[in-house]
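Protein chains in written order, with the working numbering: chain A, 13 to 87; chain B, 661 to 1350.
Calculated from the structure, these hints are not laboratory results. Check each hint, because a few of them may be wrong.
Facing chain A, from chain B, some residues (calculated, C-beta under 8 Å) [stated by the list, open to error]: (1) 764; (2) 867; (3) 900; (4) 945; (5) 1144; (6) 1148; (7) 1196.
Label-pair distances were calculated between CB atoms; the ranges are [stated by the list, open to error]: (8) B/1073 to A/61: 17 to 27 Å; (9) A/62 to B/1025: 20 to 30 Å; (10) A/61 to B/1161: 50 to 60 Å.
Note that CB positions come from ideal geometry on N, CA and C, so glycine has one too.
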Amino acid sequence: MPTRALDSLAVGEAARVTAVTGDAVIAIRLQEMGFVPGTTVRLVKLAPLGDPLQFELRGYHISLRRAEASQVRIA
Amino acid sequence: MSQPAEKPLRVALAGNPNVGKTSLFNELTSSRHRVGNYAGVTVERREGELAARFDVGRAMTLLDLPGCYSLSATAEDEAVAYRELAGGELDAVVLVVDATNLARNLYFALQVRELGLPVVVALNMSDTAQQLGMPVDAKALRDGLGVPVIATSGRTGAGCDALARAIVDMRRRAAPALVPLREGDDDAREALQAFGGDSARARWLVCTTAAGTAASFGASAAELAAAAPLDAGRCSAAAAQIIAARYAEVDRLLAAAVGSSEQGARAMALSERIDRVLTHRLWGLLAFAVVMATMFTAVFTWAEPLMGAIEDAIGWCSEHLAEALGPGLFTDLLTQGVLAGAGNVLVFVPQIAMLFLFICLLEDSGYLARAAFLMDRMMARLGLHGRAFIPLLSAYACAVPSILGTRAIASFKDRLVTILMIPYMSCSARLPIYSLVIGALFVTDEDGEGAGLRRAGIMLAMYALSTCSALAAGFLYKRTMLRSPTPALVLELPPYRLPRLRNTLLVVYDRTMDFVRNAGTVILGLTIVLWALLSFPREDTGAGAGGKTEISRSYGGRAAQVLEPALEPIGQDWRIGVGIIASFAAREVLVGTLGVVYGLESEEDEPVGLREAIRDDRNPQTGAPRHTPLSGLALMVFFVYACQCMSTLAVVRRETRSWRWPVFMFVSMTAVAYLAALLVFQGGRALGLG
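Looking at chain A on its own, in the form it has when it is part of the complex (with noise of 0.2 Å):
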């Protein structure tokens, strides 16, 4: 099964997270955050220059970057 990851997500869109990969400490520390696998995040806004991204999941607001945001791969 193909999967997409958190920064492919349209503004109001929502999804589960599957896996955190790439950087070991952003890694570590999104899923920390909550961004573990059965999660399910949705993206709230861009910021005016388009990046950051606001995210919300466990009813609390988080904001990443685009590079970051990839790390999350999504179903």
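Fit chain B to the known structure of chain A by using the hints.
Frame of chain A; chain B shown alone:
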């Protein structure tokens, strides 16, 4: 009757950022805090005693740990919190959790509970959770976590009594409560075996090994050796399983205590509506500009009357002291050394307090995170975090508070890059110099029409030069000496909340006093040294006013004359040299010193007739003017670059905990200043301008 005094209990307050931990800390402690830094890192440390009104029969020292999301040490503040919590010095931990967002807060709670310290959970903002219609069942949470849970409100102080009592009651070391791994978490089980089986330490080692931070955050040699044979991929999988197992437990607890894992969404509903304006692509940027302009005006303008009052008070004291003691060396030491030094310290207090007031209000309200969100794209191009923007902007007012304001930047290297950029920004102390030089050599009052415009144009050019230079310096340092990847942005956008003034003021007070105590001592010492340089040797003690113009024969004056061959190529003479030496106290001192050198009466800020004196100063042999527009430009460029500010250096020393960086800053900036002035003067001459 009275038993031997027991050692006060050491209790840490731990929790996620933005959960009201500091406001609870302020509520629990008497208002005298000890603020400092953890050795070697920039993480702030605050400590205080339990306030006397909590009559629990036991003294208690409370430690406000840096707010963090986990203990796995992917960042400095987490490493500090972990070291403190796992260090064995603590008697208990108060775990502050936000009752409106348990879905994320409980992860950290479980991690702390694994360490086996006696834990009390402060269910903070439980009143807000109630109002939002998402009450937390404290009893269910207590049963699920197996530790006391006390509902509190840092806003009203409710629950603090019960909390203090609970801490005293439960000081038995609990057995570590490791969150059970799930079926199929075999990578985790296998990796934990490498560290002697499942334990809190072993879990920490698996996660830090996976992140590659184990060595830098304090794993022992034996532990690193045990980690070496682990396969990186398996180790990452193991860490992922440990983290996922904890979140599975969080979801179980949530189901029991709240009944839903989407609880926080309601808490964020209002914030999301506010954000529709405040992070809007047009209105958001506009609002940001207004907020920044207000902050800038506050630091730049509103602080001014207070600074003036402080200067007047110091002047009044030194005048009366001089009168009372009569003329003499001791009087001069007291007035021009000690009192002037104290003035040099205190004069920064209004600006520092003002900037911290704004930063704290913005932070407590939740806006600071939005500011970083808005500015991140621009700062990321430079390789910095969005949080570096505010300190850089406020550097236009004054470098000293700005450097203190860089504490919000998590990575030490990036913080250092920002600190090294700040003094290049044209601060308010350069204004009197630009204004003197422009007035003396470029635009005279008789110029009439267009004079104001030319004046502003030259001024603007100096600001543009300084801004470009700061950006260039940051770009360079980030890619050479302080090379590090652009820091990741993993930034919570917390719910907007109304800041509590008492809280904000306490933090502002703590930080300002910390400046006075630490950087203040250095500034005072340097002022006295500088005074001695410009007052010794004394020709005739106490013989009337004659001593004042003797500045040219002082050590400082002589040094300037020895240095004259080096000053000539940049178009300056020894008189300006004396001014440059004296202005090390603060740049604007150049103006007053030149007045003394030219032997002028000094009444107001700028000595009467100084502009004319500079303009009319001629070389007696050739009759050519000593100062030309070209030499004036060279002088201004010199001051754009030179780190002529001992207070900046003192603050950099305090913030980096070493003399290495202030010395580097001073030497590199002076070198750049000299070369730039040389380029301007010699280049201008080659082009036939001077």
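So, going through the hints one by one against the coordinates:
Restraint check, residue 764 of chain B versus chain A: the minimum CB separation of about 5 Å is within 8 Å; hint holds. Below 8 Å, beta-carbon pairs count as interface contacts, and residue 867 of chain B has one with chain A at about 6 Å; its hint therefore holds. Below 8 Å, beta-carbon pairs count as interface contacts, and residue 900 of chain B has one with chain A at about 6 Å; its hint therefore holds. For residue 945 of chain B, the shortest C-beta to C-beta distance to chain A is roughly 6 Å, which falls under 8 Å, so the interface hint holds.
Taken as an interface hint, residue 1144 of chain B does not check out: its beta carbon lies about 12 Å from the nearest beta carbon of chain A, beyond 8 Å. About 5 Å separates the beta-carbon of residue 1148 of chain B from the nearest beta-carbon of chain A, less than 8 Å, and the hint is met. Violation of the interface hint for residue 1196 of chain B is found here, the shortest Cβ-Cβ separation to chain A being roughly 56 Å, above the 8 Å cut-off. With their beta carbons about 25 Å apart, residue 1073 of chain B and residue 61 of chain A fall inside the hinted range of 17 to 27 Å.
Roughly 26 Å separates the CB atoms of residue 62 of chain A and residue 1025 of chain B, a value that falls within the hinted 20 to 30 Å. The hinted range of 50 to 60 Å is not satisfied by residue 61 of chain A and residue 1161 of chain B, whose Cβ atoms lie roughly 34 Å apart.
Against the hints set out earlier in the document, violations occur for numbers 5, 7, 10.
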